[in-house]
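Number of protein chains: 2
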Amino acid sequence: MKAKVHITLKSGVLDPQGKAIQHALDGLGFKGVEDVRQGKVIEIKLKGKDKKKAKADVEKMCKTLLANTIVENFTVDIAE
Amino acid sequence: MKAKVHITLKSGVLDPQGKAIQHALDGLGFKGVEDVRQGKVIEIKLKGKDKKKAKADVEKMCKTLLANTIVENFTVDIAE
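Protein sequence lines correspond, in order, to chains U and G.
Under the numbering used here, the first residue of the first sequence is numbered 520, with each subsequent residue one higher.
Under the numbering used here, the first residue of the second sequence is numbered 520, with each subsequent residue one higher.
Rather than coming from a laboratory, the hints here were simulated on the basis of the structure.
Wrong hints could be hidden among the right ones.
Since the list gives no way to pick out one identical chain from another, each pair is judged satisfied if it fits inside one copy or across any two copies.
Said to hold, decoys possible - Below, in silico cross-link-like pairs of lysine-lysine (DSBU-like), each with a Cα-Cα straight-line distance of 30 Å or less:
(1) 582 <-> 571
(2) 566 <-> 521
(3) 572 <-> 582
(4) 550 <-> 564
(5) 568 <-> 521
(6) 582 <-> 568
(7) 538 <-> 570
(8) 572 <-> 521
(9) 523 <-> 571
(10) 529 <-> 564
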């Protein structure tokens, strides 16, 4: 089973990496870019076939290790 | 308009960050994790309303700046 975790900065939290990308795009001539935010995506391959358990496990992983819930939001999608 | 870009390492390319996460999860007692791969997600807010042009623009951004196409794959989704 595969889980896909998206981790993004909460709105209002400064994103210097995103700003750097935005400025670089502007410098390369891409006009019309209003905002850029960068996040992470983590793909986890899991044993077992219980989707509900997998989702609960991955949410626990996010809270304990993968995401900093003070400044980041996360979403979990289970596939297969 | 919003574009969401997913950038992931090509299969076969070593992912030490993913391996580090996998070992950390194992150490925390999460068993049954077979593999972990980490990628990036970049959200770009664009001016204009032409979806087709937006997608072409963002694909060009990926090729010139955002992704290293030698070792990374990217996908572009346009929303709104």
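Just pull the numbers of the violated hints for me, sorted ascending.
-> none
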